[in-house]
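Novice: Given chain F, work out where chains B, L and W should sit, using these hints.
Protein chains: 4
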Amino acid sequence: MAEEPKVAVAQAGEGGEPERALRERLHDPARVLALSDGVFAIIITLLVLEIHVPELTQGHTLNQALGELRPSLVAFVISFVLAGMYWVGHRDLFALIRRTDRGLVWLNILYLLPLCLLPFGAGLIGRYDTEPVALRIYGLLLVAIAVMRAVIWLYATNRPHLLWQRLDDRQRRAGLALNLSPGLVYLAAFLVARTAPEVSLLIYAGLPVLYFLSITVLRTGRARSQEYADFT
Amino acid sequence: MAEEPKVAVAQAGEGGEPERALRERLHDPARVLALSDGVFAIIITLLVLEIHVPELTQGHTLNQALGELRPSLVAFVISFVLAGMYWVGHRDLFALIRRTDRGLVWLNILYLLPLCLLPFGAGLIGRYDTEPVALRIYGLLLVAIAVMRAVIWLYATNRPHLLWQRLDDRQRRAGLALNLSPGLVYLAAFLVARTAPEVSLLIYAGLPVLYFLSITVLRTGRARSQEYADFT
Amino acid sequence: MAEEPKVAVAQAGEGGEPERALRERLHDPARVLALSDGVFAIIITLLVLEIHVPELTQGHTLNQALGELRPSLVAFVISFVLAGMYWVGHRDLFALIRRTDRGLVWLNILYLLPLCLLPFGAGLIGRYDTEPVALRIYGLLLVAIAVMRAVIWLYATNRPHLLWQRLDDRQRRAGLALNLSPGLVYLAAFLVARTAPEVSLLIYAGLPVLYFLSITVLRTGRARSQEYADFT
Amino acid sequence: MAEEPKVAVAQAGEGGEPERALRERLHDPARVLALSDGVFAIIITLLVLEIHVPELTQGHTLNQALGELRPSLVAFVISFVLAGMYWVGHRDLFALIRRTDRGLVWLNILYLLPLCLLPFGAGLIGRYDTEPVALRIYGLLLVAIAVMRAVIWLYATNRPHLLWQRLDDRQRRAGLALNLSPGLVYLAAFLVARTAPEVSLLIYAGLPVLYFLSITVLRTGRARSQEYADFT
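Protein chains in written order, with this note's numbering: chain F, 1 to 232; chain B, 1 to 232; chain L, 1 to 232; chain W, 1 to 232.
One chain only, chain F, in its complex shape:
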């Protein structure tokens, strides 16, 4: 179905100049990034559609109106910051990647799949912020995203010809841990959602805060450890 280019090269034989040029164009990450940036831009903007204009009456105060919007706004801010974190992570990852093969292209699309469900998840916890079912579905979504990120990390770093620079095993393990750890936290939020929904919501809201704190701590300590050198 999407296999045309295979045919195109059929005749060119092995190692021919035009074949190599075509292969380079097929490996170019440009359109993968264009699609991904487009999806990220739309997701963070669609999140606002879940905040509905409330019914206002004459006697309504600003506090009351904002109070009614509070669950929607909290869900919006959490999901927005999460999507921002995912985008920064995507940008960091693809700064390492020089070429994309068909596997990486498809893994990236399958990573965008749970990501595109984020506005739905935000709408769900915006409306049912204390309902275990809503919190569990949101948790499943975030776990799926974390799993896909880890899969992409493993796939790409295991293929040195896709990278600008080869990574050693220690670096690959550290990267995997950094990609999976939020997934484990969200798994915990998923598991406690039934017995303690407030704790679950708190974890969703708290992880971004934790993320910014850890960045600050890592930066402060970077003089001592080259392992976590920051580029900012």
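It is worth saying that the hints were derived from the structure and are not from the lab. Ideal placement from N, C-alpha and C gives every residue a C-beta, glycine not left out. One or more hints might be untrue.
Stated by the list, open to error - Some chain W residues close to chain L (C-beta under 7 angstroms, calculated; not the full set):
| # | residue |
| --- | --- |
| 1 | D37 |
| 2 | I42 |
| 3 | I51 |
| 4 | G84 |
| 5 | R91 |
| 6 | Q165 |
Unchecked claim - Computed far set for chain W versus chain L, every beta-carbon distance over 10 angstroms:
| # | residue |
| --- | --- |
| 7 | D92 |
| 8 | D101 |
| 9 | G206 |
Specialist: Using the frame of chain F, we list chains B, L and W on its own:
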């Protein structure tokens, strides 16, 4: 209406340097790709809007909630993977294309037309997943997309000056078959929708699976046949 | 408000190297095109949101369902093709433009304004396809777009330093006529909407057909007249 | 979570060539601009979703229909022009910026947050254009945007290695004033919303007009003062 540049060249005469530069800018596929990537990004993200936040009550279990969402989710996943396949196919095709003329620009726009109806089709089978009419409209949509893909393939490969590298007749026929074959399968799904709607839905859901399987098989066998060489 | 760069140059004095480099970056059309392509991509995709999933019942035939969708589908196709024509025109125009100044940047934004109302207009005639008021509002929209296109054409072609190549008066007049003529046709459609709504709708539906016909005719005749040379 | 690249550099040591290349890719503003342009394009297009197709009846005149749409249309036009001003300001600012570090990347995301709420704010004042609460929420939104713009200005201009060209203190203060001043005006609109909602709405509608007037005045007077030199 959109004919300004024609005038611009009027005076420059034939083969002049500025005229040739303008022609190159008009042939540049950059904005065609920017528009297409934007449309693809929006389509796969809009699909989520067809999944509505369900009514949850205290006694609701996760399974019940997911059960009610199932048709919408299935339609979302099918349409998402389909759109992903179309995007990969578009990227592969345009890796062969060096220049776009007015005909190709318009064929690309007319290809985006049925593609933009995909979220509507997904909403339709998400709500009426056993209704023949819904399944037939969805089938018509997918057939239209396949036809437009084949038309673009024929148009572009028939104009060597638009390509990085000329294709021979055998390659063109193979590419046409690859572009049309899913259309024939969808035509079958359209035809059986009235008598056996479950079969129809199964075909829609099954083709992407088939696609991934066939890629895997082709890759495994690529050592024996250069015809289906993969670049991944 | 958006005047920061003015300050940046204050000290550099006239004709300094850094000042000239900043000026070039401010004149770069890249982000103007990125914003415009994004808006076009979103508009043609949002149009589908005006096609609502119909209520289907067991006895419903495909023809009945499509019949009910007909006005929405017609409005979708008309508006989609119109938006496509506007995008092709925008791409053609900016193939002439080398630099964008603040005036051109703002005229482009003000051109996008009526364009962004197109999905609303399509929804209006999709629902009230025989209602004079709906047809007149749609006509006003299309006239506004045509006027903005003519204004941009005059502004840009009157400033040779913004262009890759200077145009003479005859070329400028011909381009203006090509930009304004559809506006005059839409004005006619607006004016007859009250007395003959069917004629009005026919004009909206017919102009794109006319456009494709005229392109074909112009192409056939291009050997005789260099004035309408096509680049395709 | 989004820290993979840190690991990648761990082994390369200080000042190595690959490390420097990775740092340059991480500092590249390209994807920051792609995300931002995407968000801006979506915001100005989503604003139209707040204009709902009105109920039309046979006896309805064009004036009546437009009259009912007036508050929505006014809110659309105000918000559209505001978003346009923000985009022009963003483009001007990033014409000064050569590199983006992690802080700037995140500040830009946090700037997009209140911006993404603009369609919600427009929907609010489109429906309740004389309601103090709606006008105050809209004001809060615009103040938040102005504050984030000032923060980004301070952050970027305080880090000469991020800029193409260093700014002196006078330029930085002037830029800060230009970024903060609309925020002060919106703060005033927020404060008077309770006692004089009409004045508040007038300020929101009037500021863009003021902006265009001041640009014209500044341009006319630019011969006398190099401080406000324009690049157009």
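Novice: With reference to the structure, classify each hint as holding or not holding.
Specialist: Hint-by-hint comparison with the structure:
Taking 7 angstroms as the C-beta cut-off, the interface hint given for W/D37 holds, the closest approach to chain L being about 4 angstroms. Evaluation of the W/I42 hint against chain L yields a held restraint, the C-beta minimum of about 6 angstroms falling below 7 angstroms. Hint status for W/I51 relative to chain L: holds, with the closest Cβ pair at about 5 angstroms, below 7 angstroms. This hint holds: W/G84 has a C-beta 4 angstroms from the nearest C-beta of chain L, less than the 7 angstroms allowed.
Interface restraint check for W/R91: the shortest CB-CB distance to chain L comes to about 5 angstroms, inside 7 angstroms, so the restraint holds. The interface hint given for W/Q165 is met, as the beta carbon of that residue sits about 4 angstroms from the closest beta carbon of chain L, less than 7 angstroms. Not every beta carbon of chain L lies more than 10 angstroms from that of W/D92, the smallest distance being close to 5 angstroms; the non-interface claim is violated. The Cβ of W/D101 sits about 19 angstroms from the closest Cβ of chain L, beyond the 10 angstroms cut-off, so the non-interface label holds.
No Cβ of chain L comes within 10 angstroms of the Cβ of W/G206; the nearest lies about 13 angstroms off, and the non-interface call holds.
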